[in-house]
Amino acid sequence: MLFIDPLFLFAVLPLAICLFYVFGTLCGPSAALGVIVVTSAIFYAPYGALPFSILAGSLCVNLAIGLGLSSARFVSPAIRQLLLTGGLVFNFLLLGAFKYFDQIAALVAPMAGPILGVVIPAGISFYTFHQAVFLLDAFKRQEDVGKFLAGADGAGGKLSVFTRYAAFVALFPQLIIGPITYMSEFSPQALRPGFGRLRWVDLQVGVTLVIVGLFKKLVLADNLSTLVSPTFAGASTNLPISSNDAIMAIAGYFFQLYFDFSGYSDIALGIARCFSIRLPINFDSPLRASGIVDWYRRWHITLTRVIALFVFTPLSLWGTRYAAQRGYKGWKRRAFGAWLPFLLNFQIIALWHAAKGTFALFGLFHGLWYVLETEVKASKTFKAYRARTSDRFRGLTGMAISTLPLMLSLALFRSDSVNAFGKLVASVGNFAPPEIGQVDGNPRGWLKIAIAAFIVYLLPNIYEVLRNYRPGIVTYENRSTAVAILRVAWRPNLVWGLYLGGLAIVAFTYLNIPAPFLYAGF
Amino acid sequence: MNPLSNFVRSASSNNRTASWILRVLDSGRGFLPVISVVWALATAAYVFVGFADPYEIRFVKNTVRLADHPYPEKIVPRLLPVAAQDGADLVVLGASTSVGYTPVMLRQAFRGIERPINLSFGCAGLDFFALAFPRLEASHTLKRFVINLDATFIKGCTAGFGNLLDMRFYNETWSQPVPDFSVEGIDVAVRVLRTGVLDRPAWQPRFEDRVEGHEDSVPPITASANAMQALTRAANIAHASGTDAPEFPCSDIPSLNALVIPAVRRMAARGVQIDFIAPPYSLANYSYASVMKQGSDGGGDFFVKVMALRRCVMEATSGVPHIQLHVFDTDFSITGDLNNYKDPIHLLQYDVYKKIAMRIAGGGDLLTPSKWPDFQQALKAGIDQYRP
Numbered sequence: 180m181l182f183i184d185p186l187f188l189f190a191v192l193p194l195a196i197c198l199f200y201v202f203g204t205l206c207g208p209s210a211a212l213g214v215i216v217v218t219s220a221i222f223y224a225p226y227g228a229l230p231f232s233i234l235a236g237s238l239c240v241n242l243a244i245g246l247g248l249s250s251a252r253f254v255s256p257a258i259r260q261l262l263l264t265g266g267l268v269f270n271f272l273l274l275g276a277f278k279y280f281d282q283i284a285a286l287v288a289p290m291a292g293p294i295l296g297v298v299i300p301a302g303i304s305f306y307t308f309h310q311a312v313f314l315l316d317a318f319k320r321q322e323d324v325g326k327f328l329a330g331a332d333g334a335g336g337k338l339s340v341f342t343r344y345a346a347f348v349a350l351f352p353q354l355i356i357g358p359i360t361y362m363s364e365f366s367p368q369a370l371r372p373g374f375g376r377l378r379w380v381d382l383q384v385g386v387t388l389v390i391v392g393l394f395k396k397l398v399l400a401d402n403l404s405t406l407v408s409p410t411f412a413g414a415s416t417n418l419p420i421s422s423n424d425a426i427m428a429i430a431g432y433f434f435q436l437y438f439d440f441s442g443y444s445d446i447a448l449g450i451a452r453c454f455s456i457r458l459p460i461n462f463d464s465p466l467r468a469s470g471i472v473d474w475y476r477r478w479h480i481t482l483t484r485v486i487a488l489f490v491f492t493p494l495s496l497w498g499t500r501y502a503a504q505r506g507y508k509g510w511k512r513r514a515f516g517a518w519l520p521f522l523l524n525f526q527i528i529a530l531w532h533a534a535k536g537t538f539a540l541f542g543l544f545h546g547l548w549y550v551l552e553t554e555v556k557a558s559k560t561f562k563a564y565r566a567r568t569s570d571r572f573r574g575l576t577g578m579a580i581s582t583l584p585l586m587l588s589l590a591l592f593r594s595d596s597v598n599a600f601g602k603l604v605a606s607v608g609n610f611a612p613p614e615i616g617q618v619d620g621n622p623r624g625w626l627k628i629a630i631a632a633f634i635v636y637l638l639p640n641i642y643e644v645l646r647n648y649r650p651g652i653v654t655y656e657n658r659s660t661a662v663a664i665l666r667v668a669w670r671p672n673l674v675w676g677l678y679l680g681g682l683a684i685v686a687f688t689y690l691n692i693p694a695p696f697l698y699a700g701f
Numbered sequence: 042m043n044p045l046s047n048f049v050r051s052a053s054s055n056n057r058t059a060s061w062i063l064r065v066l067d068s069g070r071g072f073l074p075v076i077s078v079v080w081a082l083a084t085a086a087y088v089f090v091g092f093a094d095p096y097e098i099r100f101v102k103n104t105v106r107l108a109d110h111p112y113p114e115k116i117v118p119r120l121l122p123v124a125a126q127d128g129a130d131l132v133v134l135g136a137s138t139s140v141g142y143t144p145v146m147l148r149q150a151f152r153g154i155e156r157p158i159n160l161s162f163g164c165a166g167l168d169f170f171a172l173a174f175p176r177l178e179a180s181h182t183l184k185r186f187v188i189n190l191d192a193t194f195i196k197g198c199t200a201g202f203g204n205l206l207d208m209r210f211y212n213e214t215w216s217q218p219v220p221d222f223s224v225e226g227i228d229v230a231v232r233v234l235r236t237g238v239l240d241r242p243a244w245q246p247r248f249e250d251r252v253e254g255h256e257d258s259v260p261p262i263t264a265s266a267n268a269m270q271a272l273t274r275a276a277n278i279a280h281a282s283g284t285d286a287p288e289f290p291c292s293d294i295p296s297l298n299a300l301v302i303p304a305v306r307r308m309a310a311r312g313v314q315i316d317f318i319a320p321p322y323s324l325a326n327y328s329y330a331s332v333m334k335q336g337s338d339g340g341g342d343f344f345v346k347v348m349a350l351r352r353c354v355m356e357a358t359s360g361v362p363h364i365q366l367h368v369f370d371t372d373f374s375i376t377g378d379l380n381n382y383k384d385p386i387h388l389l390q391y392d393v394y395k396k397i398a399m400r401i402a403g404g405g406d407l408l409t410p411s412k413w414p415d416f417q418q419a420l421k422a423g424i425d426q427y428r429p
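For the record, the sequence lines run as chains Y and F. For the first sequence, the positions run 180 to 701 when our numbering is used. For the second sequence, the positions run 42 to 429 when our numbering is used.
These aren't lab readings, by the way, just hints derived from the structure by calculation. The beta carbon of each residue, even a glycine, is placed where N, CA and C say it ideally should be. Please note: incorrect hints may appear among the correct ones.
Have a look at the derived ranges for each label pair, beta carbon to beta carbon [what the hints assert, rightly or not]:
no., chain 1, residue 1, chain 2, residue 2, range
1, Y, I692, F, V88, 35 to 41 Å
2, F, P242, Y, P193, 23 to 29 Å
3, Y, G608, F, A59, 54 to 60 Å
4, F, G405, Y, A533, 20 to 26 Å
5, Y, T204, F, V231, 37 to 43 Å
6, F, A59, Y, L626, 34 to 40 Å
7, F, D109, Y, T204, 56 to 62 Å
8, F, N56, Y, R565, 47 to 53 Å
9, F, N56, Y, A663, 49 to 55 Å
10, F, T58, Y, R567, 52 to 58 Å
11, F, R99, Y, G335, 39 to 45 Å
12, F, P74, Y, R565, 49 to 55 Å
13, F, N56, Y, L626, 36 to 42 Å
Which bits of chain Y does chain F cover? Going by a derived footprint, with three or more residues having C-beta under 8 Å, they are [to be verified]:
no., segment
14, 183–190
15, 371–383
16, 549–556
17, 683–689
Examples of chain F residues lying across from chain Y (beta carbon under 10 Å, computed) [stated by the list, open to error]:
no., residue
18, A86
19, S216
20, F222
21, N267
22, P295
23, W413
For reference, chain Y alone in the conformation it holds in the complex:
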């Protein structure tokens, strides 16, 4: 199912919320988690029997390994290391087999056709990382993991632990496209004594996030897609594209991807909050980032931190040690301790989406930019500049410098091939009169982009609006760059009810458009 399926919005979700609180109140937190697991199964079932079986199998294997790692019986470090390695290999092999095997085979032998020939199981990229982090936490014998997996004795205990674990991994608001949650974030909430008892504020904050997310996805992102899809398709099939259409498509995709993906995350956080669970915030006004470093503190935050955990941190540690052992100083030391880890980190982030040339180039560009920016920011010149300028000035200047490269890199990300991207960018200079068969320009295109830009650059994001009600878990503290006078604070009152009710009505009128979330393909 998708969050925008009417059956989900009008039947499954309300029913699940009711049952969650009824069972939570009458039978306790375990029963409430059981409702979440059953709802997640219903939510995931339409993706097919094979993806469902893979998810179920992955849950069982990871839980078994997690129990082993956190168990007091396994004290030998070698056995524990073996368990962890085995678990990680299992997860990444599973991901590789179903996500990358056919993609790489297609790159090697394009005419041979798919070998496995199966559709990538929905959410596999996300639940793989989710569980890999869990195994690391279990390996470190984190207190939260121990508490969460406690009481696995007997059939009843095992069922109870499985239910808790399945609720943690397969929690339907985050199952398909994240955000990727850590056990230390989930466990304290699910294990609190009052879990499953109704708190009105959870519902109020939750529906607010859901409605704002639906509006961003259905009204803003999907309307921008009419500027984007025909032009990008035209670039792939060699149709002539005017300068106007090319610019609108590049700018349009910049905003569309943000509204689409952050809209999804808002809905995810909102639905989870309706079940009394706070998820980590995944987007924090990324289009207002002052540079690439700031961008990754604001864009798809939960992926950034997971990849940093698995790739950057160990590589950086290894590189620093390696450079120290050889007595490297200056740029050589930085090359091993930071530059190479950065480049690999961003390559992994890019290829995590799919094994494609455009993604590899996207990752390389972001990696090089990241290296360059960190070097510039470490320079004496920049430090002097920082001392004599305000944060606000530097933020605005950085934003002005970063926006175009970010737009272009996301256009590369969206393009079917590097050639198509080249054609699109070259079309920016195509001022010739329209030809027959030329992709039609959208007469209201600039108005749509202007509205999107107004929302993105001037209005506070929903987490700022809900700031008094802790709408989600904050990973990185970012300074607000919204216009102060527009930085209103939400309250669960009639005015906000009417306003959000209006947004919901507008969003519902777009529910019939068959446009899945852009990130659902990853």
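For this one, chain Y is given, so just place chain F on it according to the hints.
Relative to the frame of chain Y, chain F by itself:
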């Protein structure tokens, strides 16, 4: 502090009514009831559309009639169940080049036909044809089936170019039981319940307004100097038309042998009259498509593909009772006059569509194996000699 709260506080000290209104607006009790009402109304509308089922995708009712005028192209792909189940006696199936046939025109052209429907829409491709043939084959009321041999029979429609087919209407997955839920869907459902006629939403323009009398509002391609220059440029390039290219094998059009031919043979055996039409592209299009649209679906070896569709259908159906193939490519009063076209492919004028419909109904312009060499020769000569 919320600005509204500040405002409430300052206003309440001045005016009692204003302060009461503002206090109500700021009250904590109103939030969830308002949202709940919106949600409940949307849910009620969803349930209503689900049971009204205006497009007959959940229940077979046999009581819904189709309107007597063309539908907006976006709606057309959804009409298939009603067309197949509820008594259509003539169906036109094709893509953008057959969109211009209206029910009134078809009724006038084909004697004895009372409930015609045109299921053509822009970029209709193999996915839609694969849905349409089995359903139409099962229809007990179908007397005549007109199949427009659009280029999409060869390669389908390129995604991203406005494929109007919404597969949710045909997927029958339990998680999307009411794909027709929308503001339009509510309107259509109300109208079906009130009148029994499946019509377009009230606020959408009648499509025939864009066909009948269309020539007044949309200029022919000849009115565009830029377009004419492009066509002239293409026509002046030697061998650009591709008429001397090697033949395209029928085996490269799997949709014909796998889907179309077996279905029409079975239908013809039951007495349904099958008319294949070769859409008359302008003579200017062949050079233009080959030169200007290299690499795109409609470009490259356009001539050989188009000819292959005609030849393969002719060979597969030759001598089969109730199956005919009509071609108009060598009627240069149509294909050689760009005033008839809005672009190099699509006819513009209502009268031309009507003329073609009358000639199909009269059994004219048939292509048979014995006529093939002359037809091919005449078309090649026409294309090669043509200059815009």
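Exercise. Lying within 34 to 40 Å: is that true of the beta-carbon distance A59/F to L626/Y?
Worked result: 36 Å, holds
Exercise. Does 36 to 42 Å hold as the CB distance between N56/F and L626/Y, or does it fail?
Worked result: 39 Å, holds
Exercise. So the hint says 23 to 29 Å: do the beta-carbon atoms of P242/F and P193/Y match that?
Worked result: 28 Å, holds
For this session: Starting from the range 49 to 55 Å, see whether the pair P74/F and R565/Y falls in it by beta-carbon distance.
Result: 51 Å, holds
Exercise. Does the Cβ pair T58/F, R567/Y satisfy 52 to 58 Å?
Worked result: 55 Å, holds
For this session: Examine the segment 371–383 of chain Y: at least three residues should have C-beta closer than 8 Å to a C-beta of chain F.
Result: Three-residue rule met by the segment 371–383 of chain Y, so holds; n is 3.
Exercise. Range hint 56 to 62 Å: satisfied by the CB atoms of D109/F and T204/Y?
Worked result: 58 Å, holds
Exercise. Can the hint on A86/F be confirmed by a CB-to-CB distance to chain Y that is less than 10 Å?
Worked result: Holds - the Cβ of A86/F comes within 10 Å of chain Y, reaching about 8 Å at its closest.
Exercise. Do the Cβ positions of N56/F and R565/Y conform to the proposed distance bound of 47 to 53 Å?
Worked result: 51 Å, holds
Problem set entry | Outcome, coverage hint (the segment 549–556 of chain Y, chain F; C-beta under 8 Å; three residues) | Coverage by chain F is violated here, the residue count being 0 at a Cβ distance below 8 Å.
For this session: State whether the coverage of the segment 683–689 of chain Y by chain F holds or is violated, taking the criterion as 3 or more residues with Cβ-Cβ distances under 8 Å.
Result: holds (count 4)
For this session: Indicate whether the distance between the beta carbons of N56/F and A663/Y respects the range 49 to 55 Å.
Result: 29 Å, violated
In summary, the structure is inconsistent with hints 1, 4, 9, 16, 22 and 23 from the numbered list given earlier, while agreeing with the others.
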